[in-house]
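Here are the chains, one letter per residue:
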Amino acid sequence: MSRKALVISPELCIGCRGCQTACKSWNQLPAAKTSNKGTAENPPDLTPNLYNKIRYVEMPSESNPVRWLFVSQRCMHCDDAGCMKICPAPGALFKTKEGAVGFDKEKCIGCKLCVAGCPFNVPRYDEKDKITKCHLCSDRISQGLEPACAKTCPTGAISYGDRDSIMRKTQGTGYQKLYGEADLGGLGVLYAFIDAPKVYGMEESPAIPESIVFWHKVLKPLAYWGIGGAVAASFLHYAVFGPKKDEEVK
Amino acid sequence: MSTMVKKANAFEILNHWVMAVSFIILAVTGYGFLFHLEQLNSIFGNFNAMKNWHNWSGVVFTVSLFFTIFNYLPVSLSFGGDDIGWIFKAGGYFSRKASVPPQDRLNAGQKLLYLIVLLLGTAIAVSGFIIWLMPAAADIRKLILLSHLVHNIGFVLMVTIIPAHIYLATLANPGTFRIMVYGTVPLEWAKKRHAKWVQKMGV
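Quick mapping for you: the protein sequence lines, in order, are chains S and E. Okay, so the first sequence: first residue is 968 according to this note's numbering, each after it adds one. Okay, so the second sequence: first residue is 25 according to this note's numbering, each after it adds one.
Hints are computed from structural coordinates only; laboratory data are not their basis. Keep in mind that this is a model prediction, so the values were computed, not measured. All C-beta atoms in this analysis are idealised placements derived from N, C-alpha and C, irrespective of residue type, glycine included. You may find that some hints are simply not true.
Have a look at the derived ranges for each label pair, beta carbon to beta carbon [to be verified]:
hint: 1; chain 1: E; residue 1: W80; chain 2: S; residue 2: K1184; range: 56 to 62 Å
hint: 2; chain 1: E; residue 1: K30; chain 2: S; residue 2: D1047; range: 54 to 60 Å
hint: 3; chain 1: S; residue 1: K1136; chain 2: E; residue 2: W80; range: 50 to 56 Å
hint: 4; chain 1: S; residue 1: K1072; chain 2: E; residue 2: K30; range: 50 to 56 Å
hint: 5; chain 1: E; residue 1: I93; chain 2: S; residue 2: K1144; range: 34 to 40 Å
hint: 6; chain 1: S; residue 1: P997; chain 2: E; residue 2: I93; range: 49 to 55 Å
hint: 7; chain 1: S; residue 1: K1184; chain 2: E; residue 2: F153; range: 23 to 29 Å
hint: 8; chain 1: E; residue 1: E62; chain 2: S; residue 2: P997; range: 30 to 36 Å
hint: 9; chain 1: S; residue 1: K1072; chain 2: E; residue 2: A44; range: 34 to 40 Å
hint: 10; chain 1: S; residue 1: Q1143; chain 2: E; residue 2: I164; range: 33 to 39 Å
hint: 11; chain 1: S; residue 1: P1010; chain 2: E; residue 2: I164; range: 18 to 24 Å
hint: 12; chain 1: S; residue 1: D1012; chain 2: E; residue 2: W41; range: 47 to 53 Å
hint: 13; chain 1: S; residue 1: V1033; chain 2: E; residue 2: W80; range: 53 to 59 Å
Subject to a maximum C-alpha distance of 20 Å in a straight line, what follows is the list of computed SDA-like cross-link-like pairs (lysine to any residue) [claimed, not checked]:
hint: 14; chain 1: S; residue 1: K1212; chain 2: E; residue 2: I203
hint: 15; chain 1: S; residue 1: K1072; chain 2: E; residue 2: L181
hint: 16; chain 1: E; residue 1: K113; chain 2: S; residue 2: G1069
hint: 17; chain 1: S; residue 1: K1072; chain 2: E; residue 2: K216
hint: 18; chain 1: S; residue 1: K1095; chain 2: E; residue 2: N72
hint: 19; chain 1: S; residue 1: K1052; chain 2: E; residue 2: A162
hint: 20; chain 1: S; residue 1: K1072; chain 2: E; residue 2: A160
hint: 21; chain 1: S; residue 1: K1212; chain 2: E; residue 2: K113
hint: 22; chain 1: S; residue 1: K1097; chain 2: E; residue 2: K113
hint: 23; chain 1: S; residue 1: K1165; chain 2: E; residue 2: N65
hint: 24; chain 1: S; residue 1: K1187; chain 2: E; residue 2: K75
hint: 25; chain 1: S; residue 1: K1072; chain 2: E; residue 2: F68
hint: 26; chain 1: E; residue 1: K166; chain 2: S; residue 2: L1036
hint: 27; chain 1: S; residue 1: K1074; chain 2: E; residue 2: L61
hint: 28; chain 1: S; residue 1: K1187; chain 2: E; residue 2: L181
hint: 29; chain 1: S; residue 1: K1052; chain 2: E; residue 2: K75
hint: 30; chain 1: E; residue 1: K113; chain 2: S; residue 2: K1095
hint: 31; chain 1: S; residue 1: K1187; chain 2: E; residue 2: K113
hint: 32; chain 1: S; residue 1: K1062; chain 2: E; residue 2: H60
hint: 33; chain 1: E; residue 1: K216; chain 2: S; residue 2: F1208
hint: 34; chain 1: S; residue 1: K1072; chain 2: E; residue 2: A73
hint: 35; chain 1: E; residue 1: K75; chain 2: S; residue 2: D1093
Examples of chain S residues toward chain E, derived with CB under 7 Å [as the list claims (entries may be wrong)]:
hint: 36; residue: L979
hint: 37; residue: G982
hint: 38; residue: I1194
Working from the sequences, and respecting the hints, build out all of it.
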């Protein structure tokens, strides 16, 4: 199975929020009451019942006083995912054969470390303290269907397909940077940005937090070298010097 | 029958056992989380149950760590010239003939071990409670990541130091382990290893 991906083109997005609605509909997530905060961005943030949303960025300039950018956000389905790296419960977060980062609430132990491990602020916790987030409609894509957001998008701002071929197809469509081509081992959600990522509210070069990399590469090996070394040194000492017998103590 | 002297009272013995058992549960479950040891499911059932064992053993460990303060902190802080002399001779552990300066109720190595355990234990406890009790929110991400790092550095040091402590208190020094059971040692044994303490008791 080849890796699947979404390519999102903010310039094609009209901010209709059909993707938000389709996602809620497929995943049977309830709506939430929100209040007007003086922006069309609504709801203002991902929640346990909102796996994707559109970020509204207003960028008025002299040439274009009404430049609005609509950035569809969700789990980025990293190849090298910080949430999976830090997760202490096997199987709570896992890779599907399509390359999506799925989750299993039964196996989630509610430690919340994935929230700290994610470079994109994606995982949310439900009322039972279990992880929820976009799973790339893994139940749909495993059956050869598109994710609900891509299926419903009326303008082609969200397109879905084999990661390699969809990246090739996007080439020459006028973007300046294909965001996520190589970051974190290559993201499963790519953005065709015509401007700097930070204009769209994205970090220039997202990465797994350094402390997690250090923990993974240094502390984890030390955890068994340390105890192994201490036990081995004890046996070696016992063999070479032996116990301190009472008559030897001065 | 040789004369026995009391080295540890019942409370100290009990507290040390509580700490030891909770530490072992914490270390085993800690390894389980670190390396995804699903074999441990045969003991704990599943990782959700293992998390509860880990967290509540952490509470027990923290309480017992608090009580050690009364048993070991004052003597451990009285670190003097004889203790430094002991350290320079590595406790005489690397020679059959070395003689070391007279020691307190705790020798210099035990004092150092206690101070390290108090420091690491506090760091592990505080960082553990932060990870456990803080909400799932990205704005405290830095704090959680720091706690995760501190918790794991503490873990690595603890699982390296404690096996050495267990070895030194059992195989390496015959006659020491009985303190954890009876609290008493033969006077002659104490005179050789804790001369200053015996002198202070005026036996």
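These are the hints, each one checked on the structure:
At roughly 31 Å, the beta-carbon separation of W80 (chain E) and K1184 (chain S) lies outside the given 56 to 62 Å, and the hint is violated. Under the hint 54 to 60 Å, the C-beta atoms of K30 (chain E) and D1047 (chain S), about 58 Å apart, fit the expected range. The hint said 50 to 56 Å for the Cβ distance between K1136 (chain S) and W80 (chain E), and at roughly 54 Å that hint holds. Taken as a hint, the range 50 to 56 Å holds for the pair K1072 (chain S) and K30 (chain E), whose Cβ atoms sit roughly 55 Å apart.
For I93 (chain E) and K1144 (chain S), the Cβ-Cβ distance of about 57 Å falls outside the hinted range of 34 to 40 Å, so the restraint is violated. The beta-carbon spacing between P997 (chain S) and I93 (chain E), approximately 51 Å, falls within the hinted interval of 49 to 55 Å. About 27 Å separates the C-beta atoms of K1184 (chain S) and F153 (chain E), a value consistent with the hinted range of 23 to 29 Å. The supplied range of 30 to 36 Å is met by E62 (chain E) and P997 (chain S), whose beta-carbon atoms lie about 34 Å from each other.
Checking the proposed 34 to 40 Å range against K1072 (chain S) and A44 (chain E) shows it holds: the Cβ atoms sit about 36 Å from each other. At roughly 34 Å, the beta carbons of Q1143 (chain S) and I164 (chain E) sit within the given window of 33 to 39 Å. Separation of P1010 (chain S) from I164 (chain E) is about 21 Å and conforms to the stated range, judged on CB atoms against 18 to 24 Å. Under the hint 47 to 53 Å, the C-beta atoms of D1012 (chain S) and W41 (chain E), about 49 Å apart, fit the expected range.
A hinted range of 53 to 59 Å for the beta carbons of V1033 (chain S) and W80 (chain E) is consistent with their spacing of about 58 Å. Between the alpha carbons of K1212 (chain S) and I203 (chain E) the distance comes to roughly 17 Å, so the proposed pair stays at or under 20 Å and holds. For the proposed pair K1072 (chain S) and L181 (chain E), the alpha carbon gap of about 33 Å is over 20 Å, so the pair is violated. Annotation: proposed proximity of K113 (chain E) to G1069 (chain S) is violated, straight-line Cα distance about 57 Å (limit 20 Å).
Restraint check for K1072 (chain S) and K216 (chain E): the C-alpha separation of about 60 Å exceeds 20 Å, so the hint is violated. Under the criterion of a C-alpha separation no larger than 20 Å, the hint pairing K1095 (chain S) with N72 (chain E) is consistent with the structure, at around 13 Å. Using a Cα cut-off of 20 Å, the hinted pair K1052 (chain S) and A162 (chain E) holds, with the two alpha carbons roughly 17 Å apart. Among the hinted pairs, K1072 (chain S) with A160 (chain E) is consistent with the structure: their alpha-carbon atoms are about 15 Å apart, no more than 20 Å.
The suggested pairing of K1212 (chain S) with K113 (chain E) holds, with an alpha-carbon distance near 17 Å, which does not exceed 20 Å. For the proposed pair K1097 (chain S) and K113 (chain E), the alpha carbon gap of about 54 Å is over 20 Å, so the pair is violated. A C-alpha spacing of about 45 Å is found between K1165 (chain S) and N65 (chain E), which places the hinted pair above 20 Å, so the restraint is violated. The hinted pair formed by K1187 (chain S) and K75 (chain E) meets the criterion: a straight-line CA distance of about 19 Å does not exceed 20 Å.
Distance restraint check for K1072 (chain S) and F68 (chain E): the Cα-Cα separation of roughly 19 Å lies within the 20 Å cut-off, and the hinted pair is therefore satisfied. Between K166 (chain E) and L1036 (chain S) the alpha-carbon distance is near 29 Å, which puts this suggested pair outside the 20 Å criterion. The hinted pair formed by K1074 (chain S) and L61 (chain E) meets the criterion: a straight-line CA distance of about 14 Å does not exceed 20 Å. Between K1187 (chain S) and L181 (chain E) the alpha-carbon distance is near 12 Å, which keeps this suggested pair within the 20 Å criterion.
About 18 Å separates the Cα atoms of K1052 (chain S) and K75 (chain E), which keeps this hinted pair within 20 Å; it holds. Note on K113 (chain E) and K1095 (chain S): the hinted pairing is violated, with a Cα-Cα distance of about 57 Å set against a maximum of 20 Å. With a CA separation close to 33 Å, the supplied pair K1187 (chain S) and K113 (chain E) exceeds the 20 Å bound. Annotation: proposed proximity of K1062 (chain S) to H60 (chain E) holds, straight-line Cα distance about 16 Å (limit 20 Å).
Restraint check for K216 (chain E) and F1208 (chain S): the C-alpha separation of about 19 Å stays at or below 20 Å, so the hint holds. A hinted pair counts as satisfied when its Cα atoms are at most 20 Å apart, and K1072 (chain S) with A73 (chain E) qualifies at roughly 14 Å. Proposed proximity of K75 (chain E) and D1093 (chain S) is supported: the alpha carbons are some 18 Å apart, at most 20 Å. Using the Cβ-Cβ criterion of 7 Å, the hint placing L979 (chain S) at the interface with chain E is not satisfied: the shortest such distance is roughly 28 Å.
Contact between G982 (chain S) and chain E, as hinted, is not supported at the beta carbon level, the nearest pair being about 24 Å apart and thus beyond 7 Å. At about 5 Å, the closest approach between the beta carbon of I1194 (chain S) and any beta carbon in chain E falls short of 7 Å, and the interface hint on this residue holds.
Hints 1, 5, 15, 16, 17, 22, 23, 26, 30, 31, 36, 37, counting from the list given before, are not met by this structure.
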